[in-house]
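Enquirer: Residue numbers (full-length UniProt numbering), protein chains in the order written: chain C, 1 to 216; chain F, 1 to 216.
Don't read these hints as lab results, they were simulated from the structure.
Source: prediction; values computed, not measured.
Careful: at least some of the hints might be erroneous.
Which copy is meant is left open, so a pair is good if it fits within one copy or across any two.
What the hints assert, rightly or not - Simulated crosslink set (DSSO-like; lysine-lysine; CA at most 27 Å straight-line):
| hint | residue 1 | residue 2 |
| --- | --- | --- |
| 1 | K180 | K127 |
| 2 | K204 | K180 |
| 3 | K180 | K24 |
| 4 | K127 | K24 |
| 5 | K204 | K24 |
| 6 | K209 | K24 |
| 7 | K209 | K127 |
| 8 | K204 | K127 |
2 protein chains.
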Amino acid sequence: MTDHPHTPKTARVQSPARRASNAKSDIVAAAGFSEFPLDRVHRLIEPGPVIMVSTSRGGRPNLMTNGFNMSVVHDPPILALVVGPWDYSYDALRETRECVIAIPSIDLATRVVDVGNVSGRDVDKWKRFGFTPLPAITVAPPLVGECFANIECRVADDRLVADYNLWLLEATRVWLAESKRGLGEFHHRGDGTFSANGETIDMKRRMTKWQALVED
Amino acid sequence: MTDHPHTPKTARVQSPARRASNAKSDIVAAAGFSEFPLDRVHRLIEPGPVIMVSTSRGGRPNLMTNGFNMSVVHDPPILALVVGPWDYSYDALRETRECVIAIPSIDLATRVVDVGNVSGRDVDKWKRFGFTPLPAITVAPPLVGECFANIECRVADDRLVADYNLWLLEATRVWLAESKRGLGEFHHRGDGTFSANGETIDMKRRMTKWQALVED
Chain C
1 MTDHPHTPKT
11 ARVQSPARRA
21 SNAKSDIVAA
31 AGFSEFPLDR
41 VHRLIEPGPV
51 IMVSTSRGGR
61 PNLMTNGFNM
71 SVVHDPPILA
81 LVVGPWDYSY
91 DALRETRECV
101 IAIPSIDLAT
111 RVVDVGNVSG
121 RDVDKWKRFG
131 FTPLPAITVA
141 PPLVGECFAN
151 IECRVADDRL
161 VADYNLWLLE
171 ATRVWLAESK
181 RGLGEFHHRG
191 DGTFSANGET
201 IDMKRRMTKW
211 QALVED
Chain F
1 MTDHPHTPKT
11 ARVQSPARRA
21 SNAKSDIVAA
31 AGFSEFPLDR
41 VHRLIEPGPV
51 IMVSTSRGGR
61 PNLMTNGFNM
71 SVVHDPPILA
81 LVVGPWDYSY
91 DALRETRECV
101 IAIPSIDLAT
111 RVVDVGNVSG
121 RDVDKWKRFG
131 FTPLPAITVA
141 PPLVGECFAN
151 IECRVADDRL
161 VADYNLWLLE
171 ATRVWLAESK
181 RGLGEFHHRG
191 DGTFSANGET
201 IDMKRRMTKW
211 QALVED
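Pulled out of the complex, with its shape left as it was, chain C reads as follows (with noise of 0.2 Å):
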C-alpha cells in the first residue's frame, strides 16, 4: 500500500534539530531525571531554597549560589531571582538571557557553600567542585546533574535590573530527579547558617480555597 500523495514527508522523518533534542533527552534521562510540569515549579521554589544559577557565556559556562529567589507566577510559570554585578554571572545573564536554576539537596551544602565562596572570574567550579554539566533542550547552560532539580529559564522581565538586580525569569523545561532528593532542599538563614527540612506537615485538606495547587 502506497502513501497518501499528501502525506507531508516531515511527517516521517526527524529534523536534525529534533534528533539533537532527543539525544540531549536520552542524556539528561540516563542521569535519572524526568520532565516536571511547567505549573508545578513553584512547589520546587516556594518553600524558599538555597539555589545554583548556571550560566554560559562565550561556551564557558560558570555555576553561582544564590538565596535571593522566590515564585511570583503560577503559571506561566515566573520565577525571581537577584543576581547583581558584583556576581561574575550578571554578565553572562545580562548578554545571554538565559540560565539554569538547579536546587540542591543538603547533602551538597559544602561543595554549594564553597561556590558561593570564589569567583567563576578565576577558576572553573564545575571542575573545582565536581558538579556535572548536563545538556539542557530549551537553554545554552548546563543542568546541574548532581541537584535534583534543574529549571531551565530565560529572562522574562529586566526592568528591575538598573535598579534592584532584581530578574524575572520565565520557566522553559523543568527537571527533577526523585533519586537524588534525600532531605531536600535546605534553606539559608542570612547569616551563614543553613537550616535543613524537618517533618512535612500535611495541610492538602484545610486548603479549601486552593484546590488546584493541592492536587496532584
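With chain C held as given, fit chain F onto it using these hints.
Expert: Relative to the frame of chain C, chain F by itself:
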C-alpha cells in the same frame, strides 16, 4: 543654676508625636518584642517563610497568608511580595502603600493556613482566628502579636504590579520576639504541605567572601 539662655525648650519637652510613638513602643515591648536591625531583615525572609500580611484600609485591619516573598536588597532593606487582585488585601496595599509582614512559628500553622482560606471581605480574620493587633510605629496596619517577627513596610516600587502583582517593599521598622520563635518559620511546599525546620548547619567560617553577613 539657670538654663543657658539659648537652650531650646524643645530639647526638654516631648512632642505629642514622640509621646505617642513611645506609648506604642511600650505596648510592643510589653508583648515581648525588641527592635531588630533593619539591615538584618534578610535573616528573617531569606529562609523562605510562610508569612502573614497585615493591612488596614479605612480603619479596618485585614490579614492574609502568603508564600511568594523574598529578600531583594540587604541595605536598604528591600523585600518583594506577590499580592494580587484576587486578594482582598490588594486594594488596601494599593491605596495605603503600606503593610506589616508577620512571620508565624510553625506552632501557628493551622490558624495561618485557615487565614488563607477565607477573605477579609467576609470576616474579621483577626477576631475569627484569634490574632492580636499591636500598634506599629511607622505604618497604620497592626503588628501580629502571636508572630515571632513583624516587619513594618512601605511600598518602594510598584512598576511590576500591573504585569506580575509583584510589590517591592522597604522595611521601616522590624520587631523580633525570641520568646515566640519556637521552631521558627515554616515553608510552603506549594501543594498544601509545609516543612518544619530541622537541624541547623553552621557554615559561617566557610562564608569567607561574605563576612559582613555572618557578623552578629
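Enquirer: Classify it for me, K180 with K127: is the Cα-Cα distance of at most 27 Å met within a copy, between copies, both or neither?
Expert: within (20 Å within a copy, 45 Å between copies)
Enquirer: Up to 27 Å between alpha-carbons, please classify K204 paired with K24: within, between, both or neither.
Expert: neither (36 Å within a copy, 39 Å between copies)
Enquirer: Can you give me the call for K204 and K180, within, between, both or neither, at a CA distance of at most 27 Å?
Expert: both (25 Å within a copy, 26 Å between copies)
Enquirer: When no copy is named, should K204 and K127 be tagged within, between, both, or neither for a Cα gap of at most 27 Å?
Expert: between (42 Å within a copy, 24 Å between copies)
Enquirer: Checking an output row: K209 and K24, CA cutoff 27 Å. Within, between, both or neither?
Expert: The answer is neither: 40 Å in one copy and 36 Å across copies each exceed 27 Å.
Enquirer: Are the CA atoms of K209 and K127 at most 27 Å apart within a copy, between copies, both, or neither?
Expert: between (47 Å within a copy, 20 Å between copies)
Enquirer: Checking an output row: K127 and K24, CA cutoff 27 Å. Within, between, both or neither?
Expert: within (21 Å within a copy, 56 Å between copies)
Enquirer: Tell me, please, which holds for K180 and K24 at an alpha-carbon limit of 27 Å: within, between, both or neither?
Expert: Result: close within a single copy only, 19 Å intra versus 50 Å inter.
Of the hints listed earlier, those the structure fails to meet are numbers 5 and 6, in rising order.
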